[in-house]
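Asks: Residue numbers (our numbering), protein chains in the order written: chain A, 24 to 401; chain B, 1270 to 1586; chain C, 7 to 352.
There could be a bad hint or two in this list.
Just the calculated beta-carbon pair ranges, DEER-fashion [stated by the list, open to error]: (1) Pro158(C) <-> Arg1301(B): 34 to 42 Å; (2) Trp1397(B) <-> Glu320(C): 42 to 50 Å; (3) Asp296(C) <-> Ser177(A): 35 to 43 Å; (4) Gly153(A) <-> Pro348(C): 29 to 37 Å; (5) Gly330(C) <-> Val1394(B): 42 to 50 Å; (6) Cys224(A) <-> Val1394(B): 48 to 56 Å; (7) Pro301(C) <-> Glu189(A): 26 to 34 Å; (8) Gly96(C) <-> Trp1397(B): 21 to 29 Å.
Beyond 10 Å from chain B on every Cβ pair, some chain C residues (computed) [what the hints assert, rightly or not]: (9) Arg13; (10) Thr36; (11) Leu47; (12) Gly52; (13) Arg141; (14) Asp142; (15) Ala148; (16) Glu152; (17) Asp160; (18) Glu207; (19) Leu211; (20) Asp260; (21) Pro295; (22) Ala298; (23) Pro301; (24) Glu315.
Reference listing, derived: stretches of chain B covered by chain C, where coverage requires no fewer than 3 residues with Cβ under 8 Å from a Cβ of chain C [as the list claims (entries may be wrong)]: (25) 1477-1484; (26) 1491-1497.
No lab work stands behind these hints, which were simulated from the structure alone.
No residue lacks a Cβ here, since even glycine has one placed at the ideal position from N, Cα and C.
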Amino acid sequence: MTDETQLAPTTTPVTPRALGRRQWPLPKLADPAAPLLEVDNLTTQFALPSGAVHAVDGVSFRLDYGEALGIAGESGCGKTTTALSLVRLLPANARITSGSVRLYGIDLVPKSENALRRYRWREISIVFQGAMNALNPVQRVQDQIAEPIQERLSVSPRAARKRAAELLELVGIPKKRGSAYPHELSGGMRQRAMIAMALACDPAIVIGDEPTTALDVMVQAQILALLERLRDQLGLSLILITHDLSVIAETCDRVLVMYAGKVAEEGPVPDVFTRPRHPYTQKLLSAFPNIRADRRTLDVIPGSPPDLRTPPPGCRFAPRCPLAMPVCSQVVPPEVTFDGVRVACHLYPAGSSGQPVPVPLAPPIAAAAPDPAGESVA
Amino acid sequence: MTAPTLPADVLRDDAARPRFDTGRNLPGRLVRRPDALIGLAILAAFAVLAIAPDLLVGPLQTAITAEGPRLRGPMPGFPLGTDELGRDMLNLTVHASRISMVIGLLATIITVVIGALLGVVSGFVGGWLDGILMRIADFFLVIPTFVLAIILTSIIRDVVGSGAREVFGIRFGLIAIIIVIGITSWSSTARIIRSQTLSLRERAFVDRARVVGAGPGYIMRRHILPNVINLIVANAVLVFAGAVLTETTLSFVGLGDPFQPSWGQLLDAAREVDAPGLGAWWYFAPPGICIVLVVFAFTLVGGALDDILNPKRRQRR
Amino acid sequence: MTDELLRLDGLKVHFPIRSGAFDTVLGRSTGVVRAVDGIDLAIRRGEVLALVGESGSGKTTTGRVVVKLTRQTAGRVTFDGRDVSHLWAGPSLREYRRRVQIIFQDPYETLNPKQTIGDFVAEPLVVGGGRLTVRDRAAKVARALESAGLRPADQFATRYPHELSGGQRQRVVIAGALVMDPELVVADEPVSMLDVSIRTELLRLMLELREARGLTYLFITHDLSLAWVLADRIAVMYLGKVMEIGPAERVIRDPHNPYTKALVSVSPTTTPPSSGGRTRRTILVGETPDAAHVPTGCRFHPRCPLAFERCRVEEPPLFDVGAGQAAACWLVEGGRSLPVLPPTGQ
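Just chain A, with the same shape it has in the complex:
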């Protein structure tokens, strides 16, 4: 596998689309002045035998053309359910109970399943978590990409195959690997194939759910670089769902931090990551080992996320928050915006300065001395 692991550079020039408005016709009902995607107060509920779970509870955000939004949070915070709600691929026991999902200004929530087909895969597509392991083991990869193209776009098999070959090249899979079976490809290649499938109908938005989990770090870097390149070349907008904040830091323009089904903080990545406001954001950031930091620290967030069947009153993070005040366990904090960063925390009420309040963080974890060279690489 030595030569074959070299990835093919794209030689066929793909028509570069301007970062911004796309050049193919919008759906008839579209409002050209509306943002690409606007989610308002989305609430999705699961009907479990033990009770209803509001996996997504009043989440709002917006995605502009050519933007990459990262949705971050631990498992159980509702990020995957949010993504599935956008394309309405929810399991049978889940429904969107309120809120709107406006694509080009068109609300998708009230649309019937049939009507939604016009949008799913054609305007928004999704790469599911672990999908690279769910490829059909007895079908060649290029056929697995061509088949849905043929179905969804109603084109001839030959046209579908041609498009599949284009897509494989676009994602950097060498031509001869296209005829391989999934088990013959590495994890990175398979993930590229999944991305190719998601791009099949030339969507405006691609949602990636944990796109690089389970991949080696070098392969992860390759995939993220690929996504960046696709954004440039195709004018693609991305929504990346992940618990790994570093992926969001590297790739996304904006970040939405979720906790227990609600939005904790949202804003441009540089702002939120360098001056986090919400205590959860701060703790989450400090729980990641940072290879570029001087101090070798690793923080702990004590406790565990709440049971969404019986969420705590007031702010859901209050039981674990080191800066919790009495009001936190009584009143749900409203979302307030400061300098383009939206935060839902009683430490930052409307009208306050919005200065980040630092959360006490952990002391260094190892007894090792700090870097004698002194300076960080940043």
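Got chain A; can you put chains B and C on it based on the hints?
Replies: The following block gives chains B and C in isolation, referenced to the frame of chain A:
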């Protein structure tokens, strides 16, 4: 591509999310299924018949104690008619349940014990031992069971003798049948258990046991066996059904014991007096229906168990 | 009592590839997977040595050899001054197993679902041939559970794995490794299957235990950032060989092997690129070749941006580059430093 049934997202509390089927509460889950319930009810009924036939219909009638008219249909006093010796068919059928079921049970025990033991050892130890054992198993799988059974029964009868001595209430002559069924049926059990053992062998908890110093015997006993028990039980149920059928067939061709008639033996007797030709349906219908019911019941329960333990179900929770 | 607790010399683990029935029966092989291909490693008493590598690097296999789960094909294993390479049976092996333990990666798989927590933790005591009374055993189990943070121990001991969360299960695994009072603990990706917010607790626990009990860790991970935070020394493996080894600060801040350097440059960080002065990323092309087809010469040369003629032909040994650091690269022979890597982050 379809969305997952329940995103990992929602099941935040992973204590409530078993990663694989631990076979917990098998009886509980079993009785929730209507098919299993029906099967269990039927088997329970026959178990009652088999355990205490004397209490229900009195001792097994013989040519001497027979008091009914010969070969007559159902009538007052003889709800299922009589055979050619004047014996009450109900009495014979109920006693035959004991014989058929006990033979089936003993044969199943032999089959499952041999099959599970060899399956676990073969699968776990591997190597040349596995090779040899599986070739032997293949031999028994390939040879027509029935032919082998007939041959072996005669041979074993010669060795063991078919006298009046009893073991577990079964005369020696029939013990041969039990042994033969055991010999000819163990191999499919062994293969099934071996298969499961092979996959268990690769599990991390077996590695861990090795690292703390456990030897193969300990690992097979404490780690492999408890995890194949469910499979053994499911398999045993189906083996039981097969054993009853095999015994029936062997008795039907004359290897049964008229002094301890099983259902198959009754069918043989019916054939000998040409009951079908004479229209004496009461002679062969009761044993025949009993066989069908019992085998059907076992199949229902076995199928339900199989369903519950099916790996596909493991992801559903 | 030497300062070196464990030493590996020229360790090789090769697995034959057998395809087809004939090969299996006749014992022939069509090729060899060189999972570990000659490594020299020493772990000092009391240190945390991180063995870092991507999948296919051989790090897990190395860990398995150390706990004698996998047999080495060649090379020597020395523990506390004694050669244990051929120790595969007997009381000496039992003694070794008491002193060297492992924490596995998957807390859901390491526990037998049919076994209670107490039985799991007690198993080393039962199997190790000790002569403990039931009460003594229960007491040791309770102590081990408590040092792993599972209190009250007696309540946990009777539970089954499915009743515990992932973090709790991993603590049980740790307790099971500690119950014999080992000296060396191999931790194979101990937190990679746990939620991010739980990881830190477990790692802190492991480090506290090191302080309290004087443990030595061989910490196997694919996450260089984690190694940075935890380890005293880091060894970077690629395709069965150690590419670089040294104190954590030196290996991360001043790598002397192009692979290490590329790995550090792409290691994920929560410092966003636009907020100033991030090091340029060197994203390697292609993926790690499989261990059945190891390149000639320096095994990294097909993907190395600095490869030259000698690299294709001859495999470099580990050169000492000072400050306790060593790297296997012809460019650093004689203690030189690496030139700057061309950035390829697209």
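Asks: Work down the list of hints and note, for each, if the structure agrees.
Replies: Hint-by-hint comparison with the structure:
At roughly 35 Å, the beta-carbon separation of Pro158(C) and Arg1301(B) lies within the given 34 to 42 Å, and the hint holds. Against the hinted window of 42 to 50 Å, the Cβ-Cβ separation of Trp1397(B) and Glu320(C) comes to about 43 Å, which satisfies the hint. Checked against the given bound of 35 to 43 Å, the beta carbons of Asp296(C) and Ser177(A), roughly 41 Å apart, stay inside it. Between Gly153(A) and Pro348(C), the C-beta spacing of about 35 Å keeps the proposed range 29 to 37 Å intact.
Look at Gly330(C) against Val1394(B): about 47 Å separates their beta carbons, and that is inside 42 to 50 Å. At about 55 Å, the CB distance of Cys224(A) to Val1394(B) agrees with the hint of 48 to 56 Å. Roughly 32 Å separates the CB atoms of Pro301(C) and Glu189(A), a value that falls within the hinted 26 to 34 Å. In this structure the hint that Gly96(C) and Trp1397(B) lie 21 to 29 Å apart at CB holds, the actual value being about 24 Å.
Against chain B, the non-interface label of Arg13(C) holds: every CB pair exceeds 10 Å, the least being about 20 Å. Against chain B, the non-interface label of Thr36(C) holds: every CB pair exceeds 10 Å, the least being about 20 Å. Against chain B, the non-interface label of Leu47(C) holds: every CB pair exceeds 10 Å, the least being about 20 Å. Its beta-carbon lying about 22 Å from the closest one in chain B, Gly52(C) satisfies the requirement of being farther than 10 Å from that chain.
Distance check for Arg141(C) against chain B: the nearest CB is about 21 Å away, which clears 10 Å, and the non-interface claim stands. The claim that Asp142(C) lies off the interface holds: its Cβ sits roughly 17 Å from the closest Cβ of chain B, which is beyond the 10 Å cut-off. Every beta carbon of chain B lies more than 10 Å from that of Ala148(C), the smallest distance being close to 18 Å; the non-interface claim holds. With a least beta-carbon separation of about 20 Å from chain B, Glu152(C) lies farther than 10 Å from that chain, consistent with its non-interface assignment.
With a minimum CB-CB distance of about 19 Å to chain B, Asp160(C) clears the 10 Å threshold, and the non-interface call stands. No Cβ of chain B approaches the Cβ of Glu207(C) within 10 Å, the least distance being about 15 Å, so the stated non-interface status holds. For Leu211(C), the shortest C-beta to C-beta distance to chain B comes to about 19 Å, beyond the 10 Å cut-off, and the non-interface label holds. No Cβ of chain B approaches the Cβ of Asp260(C) within 10 Å, the least distance being about 37 Å, so the stated non-interface status holds.
For Pro295(C), the condition that its CB be more than 10 Å from all CB atoms of chain B holds, with the nearest at approximately 25 Å. For Ala298(C), the condition that its CB be more than 10 Å from all CB atoms of chain B holds, with the nearest at approximately 21 Å. Taking the minimum C-beta to C-beta distance to chain B, about 30 Å, the non-interface status of Pro301(C) holds against the 10 Å cut. Residue-level check passed: Glu315(C) sits 44 Å from the nearest beta carbon of chain B, beyond 10 Å.
Under a criterion of three residues with beta carbons nearer than 8 Å to beta carbons of chain C, the stated coverage of the segment 1477-1484 of chain B is upheld, 8 such residues being counted. Three residues within the 8 Å Cβ limit are the bar, and the segment 1491-1497 of chain B against chain C gives 4, so the coverage statement holds.
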